[in-house]
Amino acid sequence: DTEVTQTPKHLVMGMTNKKSLKCEQHMGHRAMYWYKQKAKKPPELMFVYSYEKLSINESVPSRFSPECPNSSLLNLHLHALQPEDSALYLCASSQEPGQGRSYEQYFGPGTRLTVT
Amino acid sequence: RKEVEQDPGPFNVPEGATVAFNCTYSNSASQSFFWYRQDCRKEPKLLMSVYSSGNEDGRFTAQLNRASQYISLLIRDSKLSDSATYLCVVNMNQGNTPLVFGKGTRLSVIA
Numbered sequence: 001d002t003e004v005t006q007t008p009k010h011l012v013m014g015m016t017n018k019k020s021l022k023c024e025q026h027m028g029h030r031a032m033y034w035y036k037q038k039a040k041k042p043p044e045l046m047f048v049y050s051y052e053k054l055s056i057n058e059s060v061p062s063r064f065s066p067e068c069p070n071s072s073l074l075n076l077h078l079h080a081l082q083p084e085d086s087a088l089y090l091c092a093s094s095q096e097p098g099q100g101r102s103y104e105q106y107f108g109p110g111t112r113l114t115v116t
Numbered sequence: 001r002k003e004v005e006q007d008p009g010p011f012n013v014p015e016g017a018t019v020a021f022n023c024t025y026s027n028s029a030s031q032s033f034f035w036y037r038q039d040c041r042k043e044p045k046l047l048m049s050v051y052s053s054g055n056e057d058g059r060f061t062a063q064l065n066r067a068s069q070y071i072s073l074l075i076r077d078s079k080l081s082d083s084a085t086y087l088c089v090v091n092m093n094q095g096n097t098p099l100v101f102g103k104g105t106r107l108s109v110i111a
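Here the protein sequences line up with chains A and B, keeping their order. For reference, each letter of the first sequence is one residue, going 1 to 116 in the working numbering. For reference, each letter of the second sequence is one residue, going 1 to 111 in the working numbering.
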């Protein structure tokens, strides 16, 4: 089973709202990722969790706050977003990279976020 | 030089045609290479990993050329359902970023 699930599929929020995106995988992967993707652009890495610890933050603004409650779950908490934050937010998981090698990442279907 | 470069296309080909995409990468120490396909408004889906010896999966063949630092994807007997954006993905094996995505090559297969 190579399934990564994400909820919600669509989200519309105002600039003063607080919302959360959720991601779940049951492949036993110990690395999980958040990406942001704008139209006609490749996915842009935001955060990496490795063994439930934040290992990479790609200089993401603090209005995005990731959380990894356990090895299967990854959340992205959103607060005071801007209209330019509207995008497709993708979660992915993989085996833990090591010894210079990276493994295949499996993506969830994404949450399409619109900030009004 | 950009880290991962692809011709954005679009490649417009008739059904049944053979089409090939190349992707160049900047870091000679990279060890992991992948092709993903992404349909409009959907998530990227792994198409195939690219191994040193090259690999084939049905109509799809991937090759790695370490000397020239490029990978290729060949699609034979194109189907309408092959229409998508094909993303070249490479690990840079430096710094912290696990994988770097190319900007993608758009393929349209026409009846």
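Rather than coming from a laboratory, the hints here were simulated on the basis of the structure. We put the beta carbon where it would ideally sit given N, CA and C, even for glycine. Be aware that one or more of the hints could be misleading.
Using 27 Å as the maximum straight-line C-alpha spacing, the simulated DSSO-like pairs for lysine-lysine come out as follows [as the list claims (entries may be wrong)]:
1. LYS103(B) with LYS41(A)
2. LYS41(A) with LYS45(B)
3. LYS18(A) with LYS2(B)
4. LYS53(A) with LYS79(B)
Label pairs and their computed distance ranges (CB to CB) [said to hold, decoys possible]:
5. LEU74(B) with ARG101(A): 20 to 28 Å
6. ALA111(B) with HIS77(A): 41 to 49 Å
7. LEU74(B) with ARG63(A): 24 to 32 Å
8. SER59(A) with LEU46(B): 38 to 46 Å
9. ALA39(A) with LEU74(B): 39 to 47 Å
10. PRO61(A) with LYS42(B): 21 to 29 Å
11. ALA17(B) with ASN57(A): 24 to 32 Å
12. GLN69(B) with PRO8(A): 22 to 30 Å
13. PHE60(B) with ARG63(A): 24 to 32 Å
14. LYS41(A) with SER26(B): 35 to 43 Å
15. SER81(B) with LYS9(A): 21 to 29 Å
16. HIS26(A) with PHE60(B): 26 to 34 Å
17. HIS26(A) with LEU74(B): 30 to 38 Å
18. ASN70(A) with LEU46(B): 21 to 29 Å
For the hint 21 to 29 Å, verify it against the beta carbon of ASN70(A) and that of LEU46(B). The hinted range 21 to 29 Å holds for ASN70(A) and LEU46(B), with Cβ atoms some 25 Å apart.
Confirm or reject the claim that ALA39(A) and LEU74(B) have a C-beta distance inside 39 to 47 Å. Hint violated: Cβ distance 28 Å, outside 39 to 47 Å.
Look at the Cβ atoms of GLN69(B) and PRO8(A) and judge whether their distance stays inside 22 to 30 Å. 41 Å, violated
Using the C-beta atoms of ALA111(B) and HIS77(A), is the stated range 41 to 49 Å upheld? Once the Cβ atoms are compared, 46 Å apart, the range 41 to 49 Å for HIS77(A) and ALA111(B) holds.
Holds or violated: LYS53(A) with LYS79(B), Cα cutoff 27 Å? Violated, at about 43 Å.
Do the Cβ positions of PRO61(A) and LYS42(B) conform to the proposed distance bound of 21 to 29 Å? 26 Å, holds
Using the C-beta atoms of HIS26(A) and PHE60(B), is the stated range 26 to 34 Å upheld? 28 Å, holds
Are ALA17(B) and ASN57(A) spaced within 24 to 32 Å by their CB atoms? Roughly 44 Å apart at Cβ, these two residues miss the hinted range, so it is violated.
With a cut-off of 27 Å on the C-alpha distance, tell me whether LYS18(A) and LYS2(B) pass. Judged against 27 Å, a Cα distance of about 37 Å means the pair is violated.
Pairwise hint evaluation, LYS41(A) against LYS103(B), where the allowed Cα distance is 27 Å at most: Distance ~6 Å between LYS103(B) and LYS41(A) Cα, so the pair holds.
SER59(A) versus LEU46(B) beta-carbon gap, inside 38 to 46 Å or not: Since SER59(A) and LEU46(B) have Cβ atoms about 27 Å apart, the given range 38 to 46 Å is violated.
Confirm or reject the claim that LEU74(B) and ARG63(A) have a C-beta distance inside 24 to 32 Å. 44 Å, violated
The earlier numbered hints that this structure contradicts are 3, 4, 7, 8, 9, 11, 12, 13, 14.
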